[in-house]
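Sequence lines, in order, name chains A and B. Residue 1481 in the numbering used here is what sits at position 23 of the first sequence, and the numbering runs on without skipping anything. Residue 1507 in the numbering used here is what sits at position 49 of the second sequence, and the numbering runs on without skipping anything.
Among the clues, some could well be false.
Any copy will do: because identical chains look the same in the list, a pair fits if it lies in one copy or spans two.
Said to hold, decoys possible - Taking lysine to aspartate or glutamate and the EDC-like style, the derived pairs with C-alpha atoms no more than 20 Å apart in a straight line are:
1) Lys1537 to Asp1491
2) Lys1539 to Glu1462
3) Lys1517 to Glu1462
4) Lys1539 to Asp1491
5) Lys1487 to Glu1462
6) Lys1490 to Glu1462
7) Lys1487 to Glu1461
8) Lys1537 to Glu1462
Hints are computed from structural coordinates only; laboratory data are not their basis.
Protein chains: 2
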Amino acid sequence: MIEEIIGYLGGIFIMVSFIPQVIKSYKTKSVKDLSIWMIIATLVGTVFWIVYGVLINGKPIIIMNTIFGVIVSYQLFLKIKMSHL
Amino acid sequence: MIEEIIGYLGGIFIMVSFIPQVIKSYKTKSVKDLSIWMIIATLVGTVFWIVYGVLINGKPIIIMNTIFGVIVSYQLFLKIKMSHL
């Protein structure tokens, strides 16, 4: 049990890590130092985790990764949009 | 079994996502658009996953997350070092 909690905690930290990044990108309107491949690879990972959540019928995993996916998608949108300004 | 593979695939994508980011930061010597909190939160997540790997005695998890931890630590080093240039 404790190991599962620690495993999920790791996932949660990695997920929420994008929140300060999105806030910074939104505020500064500058994204040039961000690798688009980092954002895309993270988004692909999130999709895998949503599928994983569906397969094991884990609602919290599906919900959290969907929220995470939206945040990362928004970061990708900011990256693409601001790169063309 | 298939769900475990998909779960790990998600983790692998999220882990390798930092590789293009580190390469970009190293090449451009510019890190100002990166949130230091994104890097720190990711590093904390990695430490949790190493502990998880130790608890379930999962050598591949320990090895992969240690490599990932080194990459993220290097990104943190670049962020701190280049922010003061």
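Status of the hints after comparison with the structure:
With identical chains, the CA atoms of Lys1537 and Asp1491 are at most 20 Å apart both within one copy (10 Å) and between copies (11 Å). Taking the shortest Cα distances, Lys1539 and Glu1462 never come within 20 Å of each other, neither inside one copy (39 Å) nor across copies (36 Å). Both within a single protomer and between protomers do Lys1517 and Glu1462 lie at most 20 Å apart by alpha-carbon distance, with minima of 15 Å and 16 Å respectively. Both within a single protomer and between protomers do Lys1539 and Asp1491 lie at most 20 Å apart by alpha-carbon distance, with minima of 14 Å and 15 Å respectively.
When the C-alpha separation of Lys1487 and Glu1462 is checked against a cutoff of 20 Å, the pair qualifies neither within a copy, at 38 Å, nor between copies, at 39 Å. For the identical chains of this complex, Lys1490 and Glu1462 are neighbours neither inside a copy (37 Å) nor across copies (36 Å), given an alpha-carbon limit of 20 Å. Taking the shortest Cα distances, Lys1487 and Glu1461 never come within 20 Å of each other, neither inside one copy (40 Å) nor across copies (39 Å). For the homomeric pair Lys1537 and Glu1462, neither the shortest alpha-carbon distance inside one copy (34 Å) nor that between copies (32 Å) is at most 20 Å.
Violated hints, listed in ascending order, are 2, 5, 6, 7 and 8; each of the other numbered hints is respected by the structure.
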